Amino acid sequence: MEKEEDKMNEFKSIKASHFKSKIGVAITASCFLIAVLFLIWLLFSVFSQGINRINLEFLTNFPSYKPDKAGIFPAIVGSVYLMLLTLAFAIPIGVGAAIYLAEFAGNNIYTNFLRHLIQNLAGVPSIVFGLVGVAIFVRFFNLGRSLLAGSLTLAIMSLPTIIVVAEESLRVIPRQFREGSLAIGATKWETVRYHVLPYAMPDIITGIILALSRAIGETAPILFIGSIFAKTPPSSLLDGFLALPLTIFYWTRHPNPQFHELASATIIVLLMILLSMNGVAIAIRHRAQTRREW
Amino acid sequence: MKRKSKERIISYILLLTASMAVFITIAILYALAAGAFRFFADERVSIIEFLTGKHWVPSGGTPSFGVLPLLAGTTLAAGGALLFGAPVGIGAALYLAEFAGKRVRAIAKPILEILAGIPSIVYGFFALLVISPIIREIFGASYFNAMSAIIVMSIMILPIIVSVSDDAMRSIPKEIREASYAMGATKWETAVRVVLPSASSGILAATLLGLARAIGETMVVTLAAGSVAQFTFNPLNEIQTMTSYIAQVATGDIPPGIAVDAAFAVGLLLFIITLTINFIASHIVAKIKNGGWRRRRIR
Amino acid sequence: MKNRIRGAFVIAILVTGIALTGCLVNRDNLNLIQTGSSTLLPLAIAWAEEFDKAEISVSGGGSSHGLNALLTGEADLGDASRKIKSGDYEKVGCSVTEDAILAVQTGLHPWQYPSCNGVTPTEWIVAYDVLVVIINPENDWASKLNYAQLYKIFTDDEPAIYWDEVPGLENAPHERIEIYAPDEASGTYDFFFEQIIPNWGKEGQKANPRLEAGDGVYHPSADDNVILNAIAERKYAIGYFGYAYYKENPEKVKLVWIAKEGANYIEPSLENVDKYPMARPLHIYTNGIPEERNVINEYLRFILSEEGQKIVFEIGYVPLSMANPDELQAQLKALGVI
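Chains as they are written, first to last, in the numbering used here: chain U, 1 to 294; chain Y, 1001 to 1299; chain W, 2001 to 2338.
Only chain U is shown next, with the shape it has when bound in the complex:
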């Protein structure tokens, strides 16, 4: 008699715990679902508000005070220039630093200190870089509120990410690549340059593109440096500049609700640019993976 009862209870509790399990899975699945739904909601609202404003005039005009005439051409060009200049500064230094840390550095105190430093720099809030940019580049180096100052600020902000990604890409290359080259008498640099770097390049480029996509969307570092209004794009390194995230910022805060629609149209343009950059990065990574010889 008792055994039957015990068996019943055991059966019930097993059923109960399986039921609990299903509930648990459902709860955690819905956590994931929350993120997905939020993303869809966000993209949908931005697109529905802004899509009507996108036309050729919008992409070729300057940001007029009249909403029907306002466009983002100087902002697009400004963002592109910022990006190119940031690349020009950050790539040589970032890749160079990564090569040093991955290939040349010994395991000493200074190297470990550098690595820690770089890790910590990656976590500094972007607005702090804005303060640093204005104190060092705008005032101390007297570059004024210029394209040069803005891109230097973005470059030092992107540097830690680029170094970390590039170093990782170099480390992944198997030792044999280096050993073969050194065995026939090549120097360290020659080995890196001809036998390691080319194979790490796709990953490095992917990482650079990703670091850059963060930089192009950042508002805080250039908040102190960019301009509010310009009719034409910058024509020299020392000119003021507009940028897409800044334009979004000012139009979002504008009292006239028509500018809110313009802001969402600008967001669409920015997201499209980011999408294509990431698409290129994924394509490069994919192509490299299929060609990978190890």
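Honestly, the hints are just simulated from the structure, not real lab data.
Owing to the predicted nature of the structure, the values given are computational and were not obtained by experimental measurement.
Using N, Cα and C, we set each Cβ at its ideal position, and we do this for glycine too.
Among the hints, a few may not be true.
Said to hold, decoys possible - To give a feel for the contact side, a few chain U residues facing chain W, derived at Cβ under 10 Å:
1) 62
2) 66
3) 69
4) 145
5) 227
6) 230
7) 232
8) 239
9) 253
10) 254
11) 255
Chains Y and W: place on chain U using the hints.
Leaving out everything else, chains Y and W in the frame of chain U:
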């Protein structure tokens, strides 16, 4: 001979580029410290009042620089974001690591990457123009309110919490789970009673990284949470965080002089706080990557 | 193959870099820098857009910032919604007394102030700003207020807590007053309290703004959007800001007719600017009176021209021709137009 000296020159150049990290750090410290020094050197300012005062009134006839309202604002915004974001993030990570099928995991990665890749200004736009009106409608909050920023920021920090927690959970070997199943535990019980505790230090690190990210966030709070520095923990109120004060100095009508220097002092404080949190978190992450879990005894 | 791609990439960057560097042109006369008051910012942006003889770089930062930039030579034009003070001189290392400044402020514009660091701040009036007091559309008891009543509501000198405590409004609802208005960094704040508090900013200032009473009645904000929406949504709220902002959203709030001591209640509008008590001049400061060939002279002429002043009206400020035609004539004469 030429090759050798060329090699040495190149290695010095490379050392120099790596040392840029040092130069940058020095630049950051110099910029913040110089401004903060100028700020504290002014006779109207005292460090004690700065750290303990409850009134932040940077302009006008009798300015007052107590940073507590800004700290309260940052705590409310970041803390609130963590309060919502951490459970959801850990839950989602648990789902992806333990329960989800291959297909779900395959689309989860790109979705999280997209969430992480959306610029914060876009989140700020959404917070002010979509979320905030809803909060105002339902709760009668003020035009600028902390709640709208909190909701949006909790989603913003999801990718980092999910990915680090997920890594932590995945690094637990299969055998541990299998032992648990062998004893008759369900998937859920295994996940909650075995995986979660073992991965707890990794999850803690994930939470800290999410917190640091929320503390350093500028655009969402600047656009949606407001610019009135008041010492409050009511999310329906307008607040000003440390980051949005600095942003206000960049874009608003702050007169040159002491109020601008105050931004550097606030920036220095912000830098120290985020550095500390990131430092602790990265230490924990390093431990995991080196197989640190083994040192934890599984009860 | 990969090397060649990389090489091409690097060359592309270098070429772009050189192309940009090659155009390193110094700031010449055809590029002007204008900065300062955020009240003037919408005007400055519109003028800069419509003026095609120079590229004008416009930014905000506040009246103090604008005057500072002019005195340090950083800017060609400094926008200010207030007049220059000795404090502005002190910040750049010059010493000029308030009396010296007051001595300049006679007669018609342009007014030339004492020089500093080689810069002679010259004050022009380019428009007037009408400051309006606003209430919720359902508020029908406070549609006309005089300075004494404003004093009772907006200062900490035995302030009224309920609407029916305000003298003259005994029939108002017994509900708490809420204020949504600019914060103390704003020039509008400064101007408003200068109007209703005797001896504002001087010894013997009679009272302090309600904000300083600490009773939570005055909700300050740097953003006019906040003020507008708060008052639009709250039946018992009152506030103030510039007319230009009201113009963007006229259905959301109601304007209050104001009477100064001993005068009639005047409806706030651009047309009434000469009778309405709360109108303030908006200024641009330049370095001396620019000569006729100078592009700054042409820019000022444009601003004071019919076209430039039409923009003023469109944006919601008061053109000089409406507010003070004598000043308009005097300034045009100084520029060599008449």
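Results for each hint:
1. 62: Holds, about 8 Å.
2. 66: holds, 8 Å
3. 69: holds, 9 Å
4. 145: Holds, about 8 Å.
5. 227: holds, 6 Å
6. 230: holds, 7 Å
7. 232: With a closest approach of 7 Å, the residue 232/U hint holds.
8. 239: Holds: closest Cβ of chain W sits about 8 Å from residue 239/U, inside 10 Å.
9. 253: holds, 7 Å
10. 254: holds, 9 Å
11. 255: OK, holds: residue 255/U within 10 Å of chain W, min 5 Å.
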